[in-house]
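There are 2 protein chains.
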Amino acid sequence: MNDMLKKFTVTDKFFGYYEALIKDTVVPYQEKVLNDQIEGAEKSHAIENFRLAAKVIETEKCDEAFYGMIFQDSDVAKWLEAAAYTLLMHSDEELEKRCDEVIDLIGRAQHQDGYLNTYFTVKEPDKRWTNLEEAHELYCAGHMMEAAVTYAECTGKTKLLDIMCRMADHIYERFIEDEVPGYPGHPEVELALMRLYRFTKNEKYKRLAQHFIDVRGVDSDYFIKESECYNWTVWGNDCNNKEYTQNHLPVREQTKAVGHAVRAVYLYTGMADVAVETSDESLKKACETLWENITKCRMYVTGAIGSAYEGEAFTKDYHLPNDTAYAETCAAIGLIFFARKMIDLEKNNEYADIMERALYNCVLAGMQLDGTKFFYVNPLESIPGISGEAVTHRHALPQRPKWFTCACCPPNVARLLSSMGRYAWSEEGNTVYSHLFIGGTLDLTDTLHGKIKVETSYPYGNQVRYRFEPNDESMDLTLAIRLPLWSENTSIMLDEKKANYEIRNGYVYLTKAFTQEDMVTVTFDMNVKRIFASSKITADSGKVAFSRGPLIYCAEGIDNAGDVFSLRAKKDGEIEAYSSEKLNGIVEIKIDGYKVSESKLIYSTVRPEVQPCKITLIPYYTWGNRGINQMRVWLPEE
Amino acid sequence: MNDMLKKFTVTDKFFGYYEALIKDTVVPYQEKVLNDQIEGAEKSHAIENFRLAAKVIETEKCDEAFYGMIFQDSDVAKWLEAAAYTLLMHSDEELEKRCDEVIDLIGRAQHQDGYLNTYFTVKEPDKRWTNLEEAHELYCAGHMMEAAVTYAECTGKTKLLDIMCRMADHIYERFIEDEVPGYPGHPEVELALMRLYRFTKNEKYKRLAQHFIDVRGVDSDYFIKESECYNWTVWGNDCNNKEYTQNHLPVREQTKAVGHAVRAVYLYTGMADVAVETSDESLKKACETLWENITKCRMYVTGAIGSAYEGEAFTKDYHLPNDTAYAETCAAIGLIFFARKMIDLEKNNEYADIMERALYNCVLAGMQLDGTKFFYVNPLESIPGISGEAVTHRHALPQRPKWFTCACCPPNVARLLSSMGRYAWSEEGNTVYSHLFIGGTLDLTDTLHGKIKVETSYPYGNQVRYRFEPNDESMDLTLAIRLPLWSENTSIMLDEKKANYEIRNGYVYLTKAFTQEDMVTVTFDMNVKRIFASSKITADSGKVAFSRGPLIYCAEGIDNAGDVFSLRAKKDGEIEAYSSEKLNGIVEIKIDGYKVSESKLIYSTVRPEVQPCKITLIPYYTWGNRGINQMRVWLPEE
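Residue numbers (our numbering), protein chains in the order written: chain V, 180 to 817; chain U, 180 to 817.
None of these hints come from the bench; they were simulated from the model. Don't take every hint at face value.
The list cannot tell twin chains apart, which means a pair is met if one copy fits it or any two copies do.
[What the hints assert, rightly or not] Capping the alpha-carbon separation at 25 angstroms, the derived lysine to aspartate or glutamate pairs in DMTMM-like fashion look like this:
#	residue 1	residue 2
1	779	751
2	749	771
3	793	655
4	779	529
5	691	182
Whole structure, please, built from the sequences with the hints as guidance.
What follows is the structure, given as structure tokens:
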């Protein structure tokens with residue numbers, strides 16, 4: 180399997196905008212935040228923690244204090260990863276120099292034995308490895324391994340890779356050679372070790388990833404024993420709540436997505452990745468079962484997951500409240516990671532469809548259009564006066580803040596949106612899979628002797644064109660294009676004639692010696708669709724949502740005379756979709772609806788009058804960009 | 180003002196059932212619970228705590244341990260109050276003897292200086308009065324004062340009254356004479372002191388009640404200072420959360436009902452009661468403002484209050500989620516207390532209407548029809564698999580438990596339902612007010628020289644008949660009958676002719692020298708009504724509820740093929756109401772509706788098919804009596 184990251188160059192308007200935003204705005208902004216140079220943003224101190232740790236290593240003392248979450252290091256790692264992706268897009272000597280300096284600092288903060296973690300180095304040197312449940316050493320290590328692999332991939336420089344291989348070796352020694360029991364409270368290192376393994380080809384890292392997956396939940400009392408043995412806590416987590424940390428059962432026996440949603444999908448990603456590399460059928464089966472449970476019973480229509488603030492967690496099947504949703508940006512990103520690995524296990528449009536849904540809706544909503552503010556929580560209904568204010572809605576902010584005390588989401592968005600090639604494409608033998616529709620150039624010179632160019636104005640335009648630039652006369656290949664489930668009729672034309680193709684599991688397979696003259700044109704059904712939720716989702720009873728292509732829409736107050744909650748969508752009313760300049764350029768939707776008259780009474784026996792009206796809908800990912808507004812995805816029908 | 184408790188004898192089927200249930204089942208059951216004689220019920224230990232405290236007083240030592248909530252004493256007080264009411268209805272020497280024994284025990288547990296509280300006596304003798312915020316000494320004292328007044332009223336025995344006057348004197352000495360600052364974290368003593376004042380005519384108790392109300396929130400840092408000074412906590416309450424304890428502002432400046440809902444309405448009851456007795460206009464105004472806020476913005480259609488489990492609290496205007504409602508039984512009872520005092524401030528049917536709504540819907544729902552199980556939380560939607568199980572719904576149980584660790588609600592229901600005369604009637608000069616429609620006999624021999632007999636099959640029957648039994652020829656009086664707001668046309672007939680009457684503030688006033696031949700017949704419009712919520716209540720958008728008379732209805736799974744969430748009420752469909760034997764005899768409602776087909780997909784672009792069907796509705800107060808079922812008050816319309 181080939182990682183398509185370096186082969187793909189984005190050129191289209193939509194993701195081109197995001198890539199440029201990450202490079203020009205988000206990475207510089209986040210660099211400033213990590214260095215505490217943004218006024219009014221939550222204090223980060225993340226880089227400073229590395230300086231303090233380096234001082235400890237070098238002088239064996241440091242009078243200054245660590246600040247931030249116990250996993251503050253991971254913010255630096257994710258930022259470095261995003262920065263590396265932007266360096267791949269456009270060289271930037273100054274940025275690369277600053278990244279190298281951060282990496283030098285990280286190297287100086289590493290202990291002789293390979294151990295790296297600023298919290299423990301600066302603050303609690305004696306407590307290393309004594310609280311795997313909460314202390315997130317393996318989580319931070321995982322993120323830094325991901326940064327290390329990425330930095331090597333994108334810049335060719337291996338200093339951070341060497342640092343993190345030493346850390347991985349240190350972990351290997353502890354948990355494999357010395358057979359110390361344990362597994363991480365927050366999965367992440369598993370998927371990171373798999374990346375490290377694929378890049379370095381060092382089998383130890385695969386074995387270590389596999390080990391953490393295999394032992395998880397086998398001794399499901401491990402965190403209890405650990406807490407009894409070492410008796411310290413970071414947040415006072417209840418180690419008896421095993422579902423929270425997905426160690427209630429051995430992973431192969433888990434059938435429901437439970438607990439902290441980010442932990443869950445990071446774990447499942449690692450499981451799927453190990454299954455890919457080891458052809459472990461029981462692990463694959465477990466991944467499929469968990470995937471089914473998430474996507475058929477526990478996922479919002481935006482691809483968001485995690486219904487409860489309490490534990491940032493999955494709750495129960497079909498419990499998907501809109502206004503109190505947790506729907507963490509990182510969890511949607513994790514779901515994308517999981518989907519991407521499921522694609523590697525089996526090409527099936529179900530996986531890429533969900534990947535697309537989470538990406539274009541929840542993840543993009545996680546960032547202000549200008550790249551400087553972020554949502555951690557992505558509710559499907561926002562009620563000014565209640566959202567962000569009522570005790571039950573403190574998490575569900577009506578506007579994106581500049582940064583967070585726990586700042587996992589912003590750099591996670593940055594690293595995802597700057598590495599789209601990896602998600603848009605895959606290559607297996609002579610087959611090139613087009614999972615996501617992003618305009619750009621896929622350079623297959625090394626493998627299939629040519630390039631594929633994609634032209635599209637997706638997700639608003641309904642066409643994607645694939646052109647071919649063979650090194651020689653032609654490129655022999657099978658182009659496999661996902662048929663999105665949301666498109667009822669997708670036409671596939673080859674050179675303006677209906678193409679000959681096979682369809683398997685929701686992918687169209689076109690095999691040909693493609694020449695420069697060839698063009699594959701895919702035309703989607705981009706009619707606006709009404710979406711109805713299962714009647715088991717009580718929060719959506721009697722309601723309808725609207726989508727166009729991969730985008731889920733919502734009504735926001737500013738487009739609807741300030742009041743969204745008095746609106747009802749007209750059953751089978753007219754729908755109009757048209758281009759609008761607003762919100763960086765969108766396709767806006769107008770539907771027939773009704774406005775319910777306001778009653779002076781809280782409860783009245785008089786049916787409220789309804790006046791016909793037009794309801795304006797915007798893509799969900801653009802909500803919250805124009806001040807505090809009511810917002811609703813699911814509209815009651817009238 | 181005359182308390183009508185002792186003058187009214189209930190004889191009708193509906194409340195007759197409840198009175199008998201309280202006497203025959205609830206009071207004996209709760210007595211057993213308090214003595215830890217009910218298998219499978221939560222341990223109470225409440226009586227035993229008094230035994231232990233008596234031992235401490237008498238022998239100055241006790242090796243056994245206090246058990247239960249810090250306010251466990253209040254369970255005994257509320258039970259004693261309920262028992263006293265039943266003794267008024269029917270003498271029961273055995274029960275009275277056992278009550279006297281409990282009272283003896285309480286006396287033995289009292290300190291020389293009047294102080295009474297088993298927790299502090301047994302467990303923390305040095306911490307008396309050092310944590311007014313959490314330790315509930317004044318709350319427990321208040322409940323025992325209420326029991327004392329009631330026991331004296333109902334049995335004529337004053338031993339408990341003497342005990343509690345000594346305790347009240349002790350409190351007076353501390354907070355008035357010695358001028359120790361402070362006010363209770365959980366209001367209750369204010370309204371209790373007012374009862375004590377009215378019964379004993381001792382002005383000190385009124386002054387003390389007034390004092391606690393006047394000082395509350397004036398030093399809004401009091402609980403913070405207290406916690407800094409004494410540095411101990413019961414539950415780790417955040418003393419900076421001043422709204423929780425309604426001390427964020429002086430009470431006269433409070434305009435929104437905030438914080439712990441029971442505390443709030445107990446406080447407002449005390450405020451209204453002081454306003455009644457002192458004609459304090461600013462206090463009356465504050466009560467009116469808070470009443471408006473509750474009943475126009477923060478109350479469920481069932482009369483329940485408190486939208487959030489977190490802090491058992493009011494949240495924000497129009498935030499009234501159905502499935503996660505807290506809607507505590509005690510809070511509805513407190514709202515009834517508050518309404519009752521508002522009636523004393525001003526005769527207006529708004530107050531009695533809400534009193535009736537909370538009573539017939541939320542409070543009655545708080546108890547299993549057989550009197551042996553209780554709801555603490557009264558949601559308006561119950562979702563098996565989620566309710567009581569999801570982390571967000573742990574409080575919203577789908578079935579009534581036998582008892583609770585914090586057992587405030589069950590004895591509160593018992594004392595309310597055994598003292599209906601106080602709520603149904605009031606008397607001012609020659610005017611007799613009929614607020615609630617309960618069949619029975621009102622003995623006005625001492626004041627208006629006769630009796631009024633009420634015949635009705637309310638709340639199911641639509642007629643109430645008032646007959647008169649003058650001592651002599653006739654009774655000169657004004658009969659003032661509430662016109663319920665839910666009845667669009669209420670006819671008032673005197674002796675089968677349209678009566679001559681005045682209407683003021685929703686009361687019909689009939690003045691006459693009533694003779695034995697006279698009969699006033701009130702006929703209500705008991706057609707089933709559709710209820711629509713303000714569009715600001717997002718949880719009820721596009722939904723309808725049904726009521727008949729004072730009763731709010733709901734759909735329960737057992738009557739609807741197990742599935743309520745696939746049902747839609749047909750807009751303007753047929754409605755049928757008929758008597759049914761089920762659930763002790765109810766009027767059941769059948770409405771036209773639709774059943775939405777089940778989709779295999781969580782989200783589908785195919786509009787689900789709908790089949791016409793009949794939907795069966797039962798009175799909300801009877802839900803949860805037939806096993807675990809789906810339940811929904813607000814049905815989406817189709």
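*With identical chains treated as interchangeable, where does the CA-CA distance between residue 691 and residue 182 reach 25 angstroms or less: within a copy, between copies, both, or neither?*
within (23 angstroms within a copy, 95 angstroms between copies)
*Within a copy, between copies, both or neither: where do residue 779 and residue 529 come within 25 angstroms Cα-Cα?*
between (48 angstroms within a copy, 15 angstroms between copies)
*Using 25 angstroms as the alpha-carbon threshold, which applies to residue 749 and residue 771: within, between, both, or neither?*
Cα proximity of residue 749 and residue 771: in one copy and across copies (5 angstroms, 21 angstroms).
*asked:* One pair to classify: residue 793 and residue 655, alpha carbons no more than 25 angstroms apart. Within, between, both, or neither?
replied: neither (52 angstroms within a copy, 63 angstroms between copies)
*asked:* As a check of your reading, is residue 779 near residue 751 (CA-CA no more than 25 angstroms) within one copy, between copies, both or neither?
replied: For residue 779 and residue 751, only the inter-copy Cα distance (22 angstroms) is at most 25 angstroms; the intra-copy one is 30 angstroms.
Going through the hint list in order, the structure does not satisfy hint 3, though it satisfies all others.
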